[in-house]
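Below are the chains, spelled out letter by letter.
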Amino acid sequence: MSLLSLSQIGKTFPNGTRALDQLDLAVSRGDFISLLGPSGCGKSTALRLIAGLERADSGTLTWDEAKPDIGFVFQDPTLMPWANVFDNVFLPLRLKGVTRADATPKIMDALTRVGLGDFADSFPRELSGGMKMRASIARALVLRPALLLMDEPFAALDEITRLKLNRDLLELQAELGMTVIFVTHSVYESAYLSSRICVFSNRPGHIIETIDVGPSGPRGEEFRLTSAYLETCQRASAALEQAMERA
Amino acid sequence: MKTARILPLLTFVALLLGWEALVHIQNIPAYVLPAPSRIFVALREDWELLSAALFVTLKITVLALALATGIGVALAILFAQSTWLERTFFPIAVILQVTPIIAIAPLLLIYLDAGTAVLACAFLVAFFPILSNTALGLSSTDHNLRDLFDLYGASRWQQMRLLRLPSALPYFLGGLRIAGGLALIGAIAAEIAAGASGQGAGLAYRILEAGYRLNIPRMFAALVLISVAGIAIWLALEFVSTRLLARWHESTRARSP
Ligand SMILES: Nc1ncnc2c1ncn2[C@@H]1O[C@H](COP(=O)(O)OP(=O)(O)OP(=O)(O)O)[C@@H](O)[C@H]1O
Ligand SMILES: [Mg+2]
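So the protein sequences, as listed, match chains V and C. With the first letter of the first sequence counted as 1, position 208 gets the number 339 in my numbering; the numbers rise by one all the way through. With the first letter of the second sequence counted as 1, position 178 gets the number 214 in my numbering; the numbers rise by one all the way through.
For reference, chain V alone in the conformation it holds in the complex (with noise of 0.2 Å):
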């Protein structure tokens, strides 16, 4: 079932830059989609023109029923400096007049997913550059979205946690029944992941490869030595070669 189709999307900043041409991009439900490119081809911006911060000068985004409550975990980690963590994963429900009582025990299950369980009263400058990253995923998992967009939410962590939330992931998806478009520089991370890649290349950003890697859904470690794991990450790198020389 669609969710969301993007066709010949343009997109000019004001001094000139041509961050995205002729961008097309539909997404299903349920769907595990990564955005992998090199740096500067409008991952950011297609994720930003999708979750409505930026409007598009020329081609159509279309949701196929109302727009949906959408998570939005920026490549920065976005906390207000003034607010405790809990108050940070609070914010999107509080905006939505949910009382602290009524959100204590959801903002509480978002924080321990992330593993920040016992980090409620700390404020972001006390936490890590990967801990306060973690909060920034509780806070857009905290509304269960059914779209999840995701900035390279996991760049700044090490590889262990990074292979446990990647797990944790592929499970809340399945068991939320989200759609997640997420952004990475990683062929190994998205071919992990994805139900499906998009490859984009630079200047303006486009996507040069389209790359189908089977139904979402929870994957265990062993996947990752599976002959079609492998496979997807040669073509991924491949594609993505490809882009940095057009680069």
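Among the hints, erroneous ones may be present.
DMTMM-like, lysine to aspartate or glutamate: derived pairs with alpha carbons at most 20 Å apart [said to hold, decoys possible]:
id, chain 1, residue 1, chain 2, residue 2
1, V, K295, V, E352
2, V, K227, C, E84
3, V, K295, V, E320
4, V, K295, V, E283
5, V, K227, C, D186
6, V, K237, V, E283
7, V, K198, C, D186
8, V, K198, C, D183
9, V, K237, V, D218
10, V, K295, V, E306
Listing some non-contacts, in silico: residues in chain C with all C-beta distances to chain V over 12 Å [said to hold, decoys possible]:
id, residue
11, L45
12, T47
13, V49
14, Y67
15, A88
16, F126
17, L181
18, I252
19, V276
20, T278
21, A282
In case anyone wonders, no lab produced these hints; they're calculated from the structure. For each residue, glycine too, the CB sits at the ideal point set by N, CA and C.
Using the hints provided, position chain C with the ligands relative to the given structure of chain V.
Just chain C with the ligands now, kept in the frame of chain V:
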């Protein structure tokens, strides 16, 4: 840490002792330059008169500061609603700020009674740093955070209360600390301009009065009280500021040496 506290204190005491010694050795009469001990005596003898005057000046200063805070912040919030409003009215605030208060005071004294005029002067000088700093703070909100609030459909009021006001707080407090000192200066300047008509009898009036009577030690004693009042205001605002920013702002972050 300890030397950091003791050193300024020692310097100060040394300065006073030097002053005291100078006056005694040179036999300088008290009506030219009173020794610190003589000033202290004046402070004790005239305490009733001077403490009443201190109270008057402090009351005006604090009242002016409170008014400046309320009106300054309210105007800054109003300006944040539309650049059109800001462009129209901000220049007026600038004009009020750049015109020296000592030049405005005589005019105000014609239109208002002395007490109100002094209050108005103290308010006028304290108001601008609060307005301009808060306005700057309100427009310096982190862009990513604004995006986040937009994404979650925050109303204008929610953006103001939960995002823009908290992120303007450090700027506001910076303005408040400047305004505290300025309010006192404004009050003193206006009292001096009011001169003999100042039946309000604040500290500046007592200085003028003592000057006419050549009571130099009392002049110094009143001056000491003004300094003490200024320092007290500064310390109080500094305390409030560090308390409010204690756990989150970069300015209160301890650095390892
Ligand atoms: N607000 C802006 N104003 C002007 N140009 C912008 C703006 N935001 C992005 N750009 C430009 O648009 C292009 C795409 O930027 P974008 O942030 O989408 O890249 P990205 O693919 O997310 O890169 P990275 O992987 O480094 O995060 C870049 O060339 C960038 O310079
Ligand atoms: Mg980016």
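These are the hints, each one checked on the structure:
1. At most 20 Å may separate the alpha-carbon atoms for a hinted pair to count; V:K295 and V:E352 meet this at roughly 10 Å.
2. A C-alpha spacing of about 59 Å is found between V:K227 and C:E84, which places the hinted pair above 20 Å, so the restraint is violated.
3. In summary, the hint linking V:K295 to V:E320 is supported, as the alpha carbons are separated by about 12 Å, within the 20 Å threshold.
4. The straight-line distance between the Cα atoms of V:K295 and V:E283 is roughly 15 Å, inside the 20 Å bound, and the hint therefore holds.
5. Proximity of V:K227 to C:D186 is assessed by CA-CA distance (about 12 Å); at most 20 Å being required, the pair is judged to hold.
6. Straight-line distance between C-alpha atoms of V:K237 and V:E283 comes to about 24 Å, which puts the hinted pair past the 20 Å bound.
7. Taken as a hint, the V:K198 and C:D186 pair is honoured in the structure, with Cα atoms around 14 Å apart against an allowance of 20 Å.
8. Straight-line distance between C-alpha atoms of V:K198 and C:D183 comes to about 17 Å, which keeps the hinted pair within the 20 Å bound.
9. For the proposed pair V:K237 and V:D218, the alpha carbon gap of about 12 Å is at most 20 Å, so the pair holds.
10. Distance check on the hinted pair: V:K295 and V:E306 sit about 16 Å apart at the alpha-carbon level, within 20 Å; holds.
11. Listed as outside the interface, C:L45 is consistent with that label: its C-beta sits roughly 33 Å from the nearest C-beta of chain V, beyond the 12 Å cut-off.
12. Residue placement check: C:T47 keeps its beta carbon more than 12 Å from all beta carbons of chain V (closest about 36 Å).
13. Look at C:V49: its CB is around 39 Å from the nearest CB on chain V, clear of 12 Å, so calling it non-interface holds up.
14. Non-interface call for C:Y67 relative to chain V: holds, since the shortest CB-CB distance, roughly 56 Å, exceeds 12 Å.
15. The beta carbon of C:A88 is kept farther than 12 Å from every beta carbon of chain V, the shortest such distance being approximately 42 Å.
16. For C:F126, the requirement that its beta carbon stay farther than 12 Å from each beta carbon of chain V is met, with the minimum near 26 Å.
17. Separation of C:L181 from chain V is inadequate, the least Cβ-Cβ distance of about 6 Å not exceeding the 12 Å criterion.
18. The claim that C:I252 is not at the interface with chain V holds, since no C-beta of that chain comes within 12 Å of its own (minimum 51 Å).
19. The non-interface label for C:V276 is consistent with chain V: the shortest C-beta to C-beta separation is roughly 15 Å, beyond 12 Å.
20. Against the 12 Å criterion, C:T278 stays outside the reach of chain V, whose nearest CB is about 14 Å from its own CB.
21. Once the 12 Å rule is applied to beta carbons, C:A282 is inconsistent with being away from chain V; the minimum gap is 10 Å.
Checked against the numbered hints above, the structure violates hints 2, 6, 17 and 21; every other hint is satisfied.
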